[in-house]
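Please build the complete structure, drawing on both the sequences and the hints.
Just so we're aligned, residue 345 is where the sequence shown starts under the numbering used here, counting upward by one.
Honestly, the hints are just simulated from the structure, not real lab data.
Bear in mind that the values here come from a model prediction, so they are computed numbers and not experimental data.
Worth double-checking, as some hints may not be accurate.
[To be verified] Straight-line alpha carbon distances no greater than 16 angstroms define the calculated EDC-like cross-link-like pairs of lysine to aspartate or glutamate that follow: (1) K432 with E502; (2) K407 with E436; (3) K503 with E352; (4) K503 with E435; (5) K503 with E436.
[Claimed, not checked] Restraint ranges, calculated between C-beta atoms of paired labels, are given here: (6) A393 with V468: 29 to 37 angstroms; (7) V472 with V400: 38 to 46 angstroms; (8) H430 with A482: 41 to 49 angstroms; (9) E436 with V472: 47 to 55 angstroms; (10) H430 with R347: 24 to 32 angstroms; (11) H430 with S481: 49 to 57 angstroms.
Every residue gets a Cβ at the ideal spot worked out from N, C-alpha and C, and that includes glycine.
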Amino acid sequence: YLRSLGHERIGLLHGPLPHYSFGIIKKLFEHDNYERFGKIERTWVGVAANEADVPVALGEMLKGPVRPTAILGVYLYALGVREIHHLKVPEELSLLAFDHSGQDRASPVSSVGGDNVALGMESVRLLVQRRESSQTSARRVVPPVHIVEHGSCSRPQEKRELAAEGNQRCLA
345 YLRSLGHERI
355 GLLHGPLPHY
365 SFGIIKKLFE
375 HDNYERFGKI
385 ERTWVGVAAN
395 EADVPVALGE
405 MLKGPVRPTA
415 ILGVYLYALG
425 VREIHHLKVP
435 EELSLLAFDH
445 SGQDRASPVS
455 SVGGDNVALG
465 MESVRLLVQR
475 RESSQTSARR
485 VVPPVHIVEH
495 GSCSRPQEKR
505 ELAAEGNQRC
515 LA
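What follows is the structure in structure tokens.
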């Protein structure tokens, strides 16, 4: 989603637990950065132990000379602010949270959402099926997800400026 808006410099904020999905996301994130830039920007990966650590972790990610234009991560819904480290959201920094289930409807942070009830029901169905059969191999299920837009994502500032410049040339 962030790439479709034009973001190339995306930061990743994850939790402290060595959770399987965070490990996969981090590897994909690092591979994507390496493919795009020929290097991995370590400063674009932050770890927050809890909601209170989010501003500190974001501060570390944003202090480098080349900053991300968007952050994908956990606990972002807890921010509830429109400006972070003197950067306006979404004008100068887009925020996208991993999981919509922890957010209330008034959250200003956009998120990736899915049907957690359907996912839970499918998990139980697969567990029962596995128990009742001699199946020994695991089955991967990828549930459909959607973006829950709350106005914290926009095109990167430099892309908006280029578009405006192009529009001015067309008008001239």
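Unmet hints by their number, sorted upward, for this structure | The structure breaks none of the hints.
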